[in-house]
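Participant: Sequence:
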Amino acid sequence: MIKITKFLKNSYKKEIDGTGLAVFRIAYAIVLLCEIAQMFYFKALIFDKIPFIDSAEINFGIPIGIWFISVVFILFGAFTRLATIINYLLSLILIGTIGSYEYHVFYAYMGINFLLMFMPISKCLSLDRLFLKLKYSNTTFQYNPSRKVGQIYYFIPLYVAIGLVYFDSIFVKLTAHSWLNGLGVWMPSSFPMMAQFNLSFLLNIEFLMYFLGYLTLILEFIFVFVFYKKKFRLPIFIIGTLLHIGILTTFPIPWFALTFISIYLLMVPVSFWKKIFTAKVKEQDFFFYYDTECPLCVRTKITITHLDWFNKIGFKTVQFDAQDHEKLSKINTNILLDDIHSVDIKGNVYSSVDTYIQVFKRIFYLYPLYLILKIPGIYHIAKKIYSYVAKNRDTERCTEENCGYNPPTIPDNGKVKLLQNYTLDDLKFTFLKTIIFTFTLIQFIIILDSPLVNNFKETIGVNNKIVNSVFHGLKRTTVFVTKPLFGLTTHNVFIDDYHYNGYNHIIALVYKNDKGNEQWLPIIDENGQPSYYNYGTNWRKMSFSTNNPNINSKELNKGVRDFTAFWAHKNNINLNNATFIIKVKKIESTNHWEKDFLSNQISQPWLDGGYVEWKNKEFHSHIKDIEAL
Numbered sequence: 001m002i003k004i005t006k007f008l009k010n011s012y013k014k015e016i017d018g019t020g021l022a023v024f025r026i027a028y029a030i031v032l033l034c035e036i037a038q039m040f041y042f043k044a045l046i047f048d049k050i051p052f053i054d055s056a057e058i059n060f061g062i063p064i065g066i067w068f069i070s071v072v073f074i075l076f077g078a079f080t081r082l083a084t085i086i087n088y089l090l091s092l093i094l095i096g097t098i099g100s101y102e103y104h105v106f107y108a109y110m111g112i113n114f115l116l117m118f119m120p121i122s123k124c125l126s127l128d129r130l131f132l133k134l135k136y137s138n139t140t141f142q143y144n145p146s147r148k149v150g151q152i153y154y155f156i157p158l159y160v161a162i163g164l165v166y167f168d169s170i171f172v173k174l175t176a177h178s179w180l181n182g183l184g185v186w187m188p189s190s191f192p193m194m195a196q197f198n199l200s201f202l203l204n205i206e207f208l209m210y211f212l213g214y215l216t217l218i219l220e221f222i223f224v225f226v227f228y229k230k231k232f233r234l235p236i237f238i239i240g241t242l243l244h245i246g247i248l249t250t251f252p253i254p255w256f257a258l259t260f261i262s263i264y265l266l267m268v269p270v271s272f273w274k275k276i277f278t279a280k281v282k283e284q285d286f287f288f289y290y291d292t293e294c295p296l297c298v299r300t301k302i303t304i305t306h307l308d309w310f311n312k313i314g315f316k317t318v319q320f321d322a323q324d325h326e327k328l329s330k331i332n333t334n335i336l337l338d339d340i341h342s343v344d345i346k347g348n349v350y351s352s353v354d355t356y357i358q359v360f361k362r363i364f365y366l367y368p369l370y371l372i373l374k375i376p377g378i379y380h381i382a383k384k385i386y387s388y389v390a391k392n393r394d395t396e397r398c399t400e401e402n403c404g405y406n407p408p409t410i411p412d413n414g415k416v417k418l419l420q421n422y423t424l425d426d427l428k429f430t431f432l433k434t435i436i437f438t439f440t441l442i443q444f445i446i447i448l449d450s451p452l453v454n455n456f457k458e459t460i461g462v463n464n465k466i467v468n469s470v471f472h473g474l475k476r477t478t479v480f481v482t483k484p485l486f487g488l489t490t491h492n493v494f495i496d497d498y499h500y501n502g503y504n505h506i507i508a509l510v511y512k513n514d515k516g517n518e519q520w521l522p523i524i525d526e527n528g529q530p531s532y533y534n535y536g537t538n539w540r541k542m543s544f545s546t547n548n549p550n551i552n553s554k555e556l557n558k559g560v561r562d563f564t565a566f567w568a569h570k571n572n573i574n575l576n577n578a579t580f581i582i583k584v585k586k587i588e589s590t591n592h593w594e595k596d597f598l599s600n601q602i603s604q605p606w607l608d609g610g611y612v613e614w615k616n617k618e619f620h621s622h623i624k625d626i627e628a629l
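Taken in order, the sequence shown gives residues 1 to 629; the numbers are from full-length UniProt numbering.
Per label pair, the in silico range of CB-to-CB distance:
id, residue 1, residue 2, range
1, ASN576, VAL467, 50 to 60 Å
2, ILE378, LEU82, 24 to 34 Å
3, PHE211, ASN513, 45 to 55 Å
4, THR434, PHE272, 29 to 39 Å
5, ASN144, PHE444, 35 to 45 Å
6, TRP309, ASP608, 53 to 63 Å
7, ILE238, LEU82, 32 to 42 Å
8, LYS3, HIS177, 32 to 42 Å
Everything labelled a hint here was simulated from the structure, so no lab data went into it.
Since this is a predicted model, take the numbers as computed values, not measurements.
We treat Cβ as the ideally placed atom computed from N, Cα and C, and that holds for glycine.
Let the sequences and hints guide you as you build the complete structure.
Facilitator: So this is what it looks like as structure tokens:
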């Protein structure tokens, strides 16, 4: 314990460039925004008692919208601390307590969203950094906040969202036939309702499938022990990223795969990001002229420099550098001082809003603004707004009284004393250390009731009803609290007993109109594979609640009712009188590798599984016994 604490303390004290943490922030926020956008579109399906018929008690569109906005602020690193708090609270409400639509990535979201509240994710590539620069800079001094963060902030998300997850899953997978026999990758990829594409050309390479299956087991077993060691980071990053690219390609859970890839970005050497974001173009082709004695002009220069990651825009002072460009030097000096001017490498001179349009053109992520401002009408409105601001700006010249050197008075938190020998820095480290130890203990308690540990208890003769009841009760109580709060739970992903055994049927829904024409709902396609409604949380709902290895007729009817009601509303189908056909594809389950197994299952015929009707917006089920077909 002392050795671990010393390692964590050294990692906390060791400061490294924070650009990699910012890249993680941006990538993770983009993925989370995609998840939230999907949730917003399907909010009636997820939250209504019956989609668009028996609505939820509140309008979930409002909290989902606020959640989306908070993550946008995180993406840009603006008011980050407040945004991360709102993000966590809303994710706790909207996904932490969700039921039948819950799927594995929700656990990662909860863990990461909790940690984001305490991490310095806005030290680089953020608007918060720009705000600090503007707050403490003046015409004679430009403040550059530190880019350094504690190394521990790179490690914590990797440990909590990947390390603990992988380590826990090993205690489940090592009792599963498919994983023990090298089929852990091949088997889920070979069931049509689980695989979004027919990748038989890869699945038919037997040695590759065994290799990937065992490689996944090895990675998950060693990750928590080696991810923080420098010599292992790059190979672990490459292997882990490629495996999750495989998940992205194969399964209809894109946000799951992309979330883990975004976390893996924290393993990329810091020097790599530093090199990319400090790279300069060989020759600047655009020069922005500003008045060094104008406070607003200086703030504009600071802002553009901050946003111009690759230094494509050069800056020259009106007072000293106008003679560098023949065309610009011909302009009256008073005009240069009254308005913003710029010149490109071809000698074209731009002024007022046209200068900013050229700036947006050269900053890749602001290029959409360049296109928007070029639109007639919008351009003229922007020009009028700019003229109004320019006329009313502070034109007071810089003097010793208003532009003197005033260094920022920013407290060093590491030296702020709370007690005689205990600083704020010590408090922060104690808090982070407590999170790590507590989360580890929680996951250990969960592991104590895992299949592998239960088998071990049985082997040594302590596996009796009393012992099992104690461990199971402890785990159940722990998970009840920790799963919604932090995403700490058991991780039985793609396990035989839960997902494959007995799963010998695929259910598709088809709308039949008054003319007898059939239209497949975009849930399961004619191959028996997921369609575009059937992604992420909806896939979890369709494939493991509505349909599953052992059909529950109540859940089947509820799921069919909800999916048909939602689709009908989106496609203007009147539910006063509508009929949907149930089609069933009987497939095989297997416990060994077979060539062309997926293709053979796709080729199986569709059978009649009955039908459901909507009459006066009431659901009536006439579904056959699927298991008996």
